[in-house]
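Visitor: This is what each chain is made of:
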Amino acid sequence: MQDTKLKKEYFKESKDFSGSHFSQYKILVIIPAYNEADTVGRVIEGTQRKLPFADILVVNDGSSDSTSAISKQKGARVLDLSYNLGIGAAMQAGYKFAYTMGYDIAVQCDADGQHHPAAIKKLIDTLIDDGVDMVLGSRYLRKKRYRSFVFRRLGVLIFSKVLSVIVGQRLTDTTSGFRAVNREVIKNFSAFYPCDYPEPEALVLLHRGGFTMKEISVNMSSRKGGNSSITLWRSIYYMAKVLLAIFIDLCKKIPYKKSL
Amino acid sequence: MLRIQIITGATSILLLVIVFELIRRRRLKEEYSLLWLLSGVVILIFSIFPNLLGIISKVMGMYYLTALFVISFLFLLLIVLHFSTVISQLSERNKELTQELSILDFRFKELDKQFHELIGESR
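Order-wise, the sequence lines are chains Z and U.
Heads up, the first sequence is in our numbering, so the first residue is 52 and it goes up one at a time.
Heads up, the second sequence is in our numbering, so the first residue is 2 and it goes up one at a time.
Chain Z with its partners taken away, still in its complex shape (with noise of 0.2 angstroms):
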């Protein structure tokens, strides 16, 4: 088809240019904070050295502490909810922020500084580089062990084993939000974002749509702040909730079409 063929052309075009492809797309990180005043701007000033060429977009889900503020003063493009949406919602905007303003590749990437900006640079490589339409940073993928909860384990283990059947290919870090996409999926997600489970539910849609996806191995820091209160009923209730949503977005209308 000649969809693919134009697809084809247009990564072709990108590996010519490969380790110095960033100067030619409009790559925007988008971050989505609520009252993560202590570690924003750590993140921010991280992403910004690691890369320069990128732009960087805080979208603040109505915090009440000085996320907003601290992010502005770092020099980052931050939006501002009237109210608290949800990470979800947060995220969407900060999509249709990227397809408004033009931006070609979009990557996803926590407030709290679990993930490492360093890796970024890798996602989009990766991005680029297979020609896919999303890539996942897993932590899994190698095996390593982080420390966590036997329950949790369980729970990524159940998760990963499910997705992978539904998408037809080896995940091992759903819940990850630490991802890149292509111009093509900022724009189906600015119209549509899954809003409860966004993480797994966004790749059960993109399936489903006819996107292609890869996982890749990246580092992550444990979660700094908070303290994981995660009991075994919690979590079996948590795990109940994301399988019916999944199991509801395989029965939905399909919201996303590959056009490209």
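Hints in this document: simulated from the structure, not taken from any laboratory.
Where hints are given, some of them may not hold.
[To be verified] With a straight-line cut-off of 16 angstroms between C-alpha atoms, the simulated EDC-like cross-links for lysine to aspartate or glutamate are:
| hint | chain 1 | residue 1 | chain 2 | residue 2 |
| --- | --- | --- | --- | --- |
| 1 | Z | K77 | Z | E235 |
| 2 | U | K110 | Z | D131 |
| 3 | U | K96 | Z | D131 |
| 4 | Z | K123 | U | E101 |
| 5 | Z | K238 | U | E111 |
| 6 | Z | K238 | U | E97 |
| 7 | U | K96 | Z | D247 |
| 8 | Z | K292 | Z | D247 |
| 9 | Z | K123 | U | D106 |
Let chain Z serve as the given structure and place chain U on it in line with the hints.
Guide: Showing chain U alone in chain Z's frame:
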């Protein structure tokens, strides 16, 4: 039988009058009033023709009054379901507007800054 006819008849007429008045004063949109009007009319029909409800109650295997309650309950269920869809739609639009507003706010501030820099230079 007659007493319950009067009670249900009066209730339905009162309901219809209130809904009609709310629409007339533009306190209620026609879109949201259809189900209310429909339930008012149905209750009115049942109060005028009590035999109809008698037949239905026999078919459903219930007493007259129980059948009346079940039918009203079904209508309330429909109305509440309708409201849930309306609320979902409203919150979706609200979300969209908030997102668009934040983007417009950003772009406006950028332009405002550039505009003032421009004026500052020309002076």
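Visitor: Decide if the proposed pair is consistent with the structure: K123 of chain Z and E101 of chain U, CA atoms, cutoff 16 angstroms inclusive.
Guide: The given pair, whose Cα atoms are some 19 angstroms apart, is violated under the 16 angstroms limit.
Visitor: Holds or violated: K110 of chain U and D131 of chain Z, Cα atoms, limit 16 angstroms.
Guide: holds (12 angstroms)
Visitor: Does K238 of chain Z pair with E97 of chain U here, judged by a C-alpha cut-off of 16 angstroms?
Guide: Satisfied, since the Cα-Cα distance of roughly 15 angstroms is no more than 16 angstroms.
Visitor: Tell me if the straight-line CA distance from K96 of chain U to D131 of chain Z falls inside 16 angstroms.
Guide: Status holds; Cα separation ~13 angstroms.
Visitor: For the pair supplied as a hint, K96 of chain U and D247 of chain Z, confirm whether the alpha-carbon distance does not exceed 16 angstroms.
Guide: Given that 16 angstroms is the threshold and the Cα spacing comes to 14 angstroms, the pair holds.
Visitor: For the pair supplied as a hint, K238 of chain Z and E111 of chain U, confirm whether the alpha-carbon distance does not exceed 16 angstroms.
Guide: violated (23 angstroms)
Visitor: Between the alpha carbons of K123 of chain Z and D106 of chain U, is the straight-line distance 16 angstroms or under?
Guide: Holds, at about 14 angstroms.
Visitor: Tell me if the straight-line CA distance from K292 of chain Z to D247 of chain Z falls inside 16 angstroms.
Guide: holds (9 angstroms)
Visitor: Are K77 of chain Z and E235 of chain Z close enough, with their CA atoms no more than 16 angstroms apart?
Guide: With Cα atoms ~14 angstroms apart, K77 of chain Z and E235 of chain Z stay inside 16 angstroms; holds.
In the structure shown, a violation is registered for the earlier hints numbered 4 and 5, in ascending order.
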